[in-house]
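Could you put together the complete structure from these sequences and hints?
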Amino acid sequence: MKTVLVPTDFSIPADSAIRYALNIAEKFDASLILYHCFIPFESGFYPLSMSTKDNLENMETIVNRLTKIKDTILKKNPNLSISVHVDQGPEEIRLIAFCKKNKIDLIIIGTSGASGLKEKLIGSFTAEIITKSPCAVIAIPENYKFKLPSKITYASNYSKRDKKVLQTLLELNQLFNAKINILHIDWGITLFTADEDHEKYKKTIENHFKNFEFTFNHTAGKDVAETILQETVLDKTDMIVINPLKRKGLWNRIFHRSVAKKTAYHLHVPLLSIPSK
Numbered sequence: 002m003k004t005v006l007v008p009t010d011f012s013i014p015a016d017s018a019i020r021y022a023l024n025i026a027e028k029f030d031a032s033l034i035l036y037h038c039f040i041p042f043e044s045g046f047y048p049l050s051m052s053t054k055d056n057l058e059n060m061e062t063i064v065n066r067l068t069k070i071k072d073t074i075l076k077k078n079p080n081l082s083i084s085v086h087v088d089q090g091p092e093e094i095r096l097i098a099f100c101k102k103n104k105i106d107l108i109i110i111g112t113s114g115a116s117g118l119k120e121k122l123i124g125s126f127t128a129e130i131i132t133k134s135p136c137a138v139i140a141i142p143e144n145y146k147f148k149l150p151s152k153i154t155y156a157s158n159y160s161k162r163d164k165k166v167l168q169t170l171l172e173l174n175q176l177f178n179a180k181i182n183i184l185h186i187d188w189g190i191t192l193f194t195a196d197e198d199h200e201k202y203k204k205t206i207e208n209h210f211k212n213f214e215f216t217f218n219h220t221a222g223k224d225v226a227e228t229i230l231q232e233t234v235l236d237k238t239d240m241i242v243i244n245p246l247k248r249k250g251l252w253n254r255i256f257h258r259s260v261a262k263k264t265a266y267h268l269h270v271p272l273l274s275i276p277s278k
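Count along the sequence shown starting at 1, add 1, and that's the number in this note's numbering.
Don't read these hints as lab results, they were simulated from the structure. Cβ coordinates follow ideal geometry from the N, Cα and C atoms, glycine included. Just so you know, not all the hints are guaranteed correct.
Derived lysine-lysine pairs resembling DSSO-like cross-links, with alpha carbons at most 27 Å apart [what the hints assert, rightly or not]:
#, residue 1, residue 2
1, LYS164, LYS146
2, LYS165, LYS237
3, LYS104, LYS165
Beta-carbon label-pair distances, calculated as ranges [to be verified]:
#, residue 1, residue 2, range
4, LEU75, LEU235, 40 to 46 Å
5, THR62, LYS204, 40 to 46 Å
6, GLU58, ASP224, 43 to 49 Å
As structure tokens, this is what we get:
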């Protein structure tokens, strides 16, 4: 874990993400990047020189705001390596491209959630980043106060790629030293093989990770995302972990896209997304 990036739009959720990222950067001895992206002004009614001037002024204003945040952080954390970066263009596209180019290890992003028509029609930027990011992402609920998790829940669909995801999780867990529970939600088309699949998966994971003792829980629920959230509240989970990689097939499409997004919308604890490739 060398480089942590925090996208900020200067909102309260973004501030929560910055505070969380500071703790992670300090504990991992990682560098921190404060990132902002804006759509440049363009209009056929204005001369190009005027549009360029407005965009340069906007860039300068944003850099100054980020620099003020950086300077405030450095007063309390003088040994922290921290920088700022401003992009222009569609935020989702530019952010993902920046992370790939600069080999970012972790994105920490704030989320204020969504509901009803907002959830269905316009979606959540945080959820989009989770499903498309090339690196791990931690989504932080608004006003969440940093704490090292003592209990982590990995929401699994019993994929062969779970070994890679769990290996990355165990590396991160060297910092947390938390208990890890693997949760699987059975629904409709999988119920008839539930017990058999559970035992087979459990043995596979236990044989592969002999130096760590996972706990396992599988339960039924028609709405997978809602059931994950309910189970983690009952279990007093401090962090939910998912693998958002898109795959072919009905179950995988439902689990890896819909669940990733809906879970991000309704967070009560940080959500760690770990891509498996």
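> Checked against the structure, which of the hints given earlier come out wrong?
Replying inline: 1 and 5
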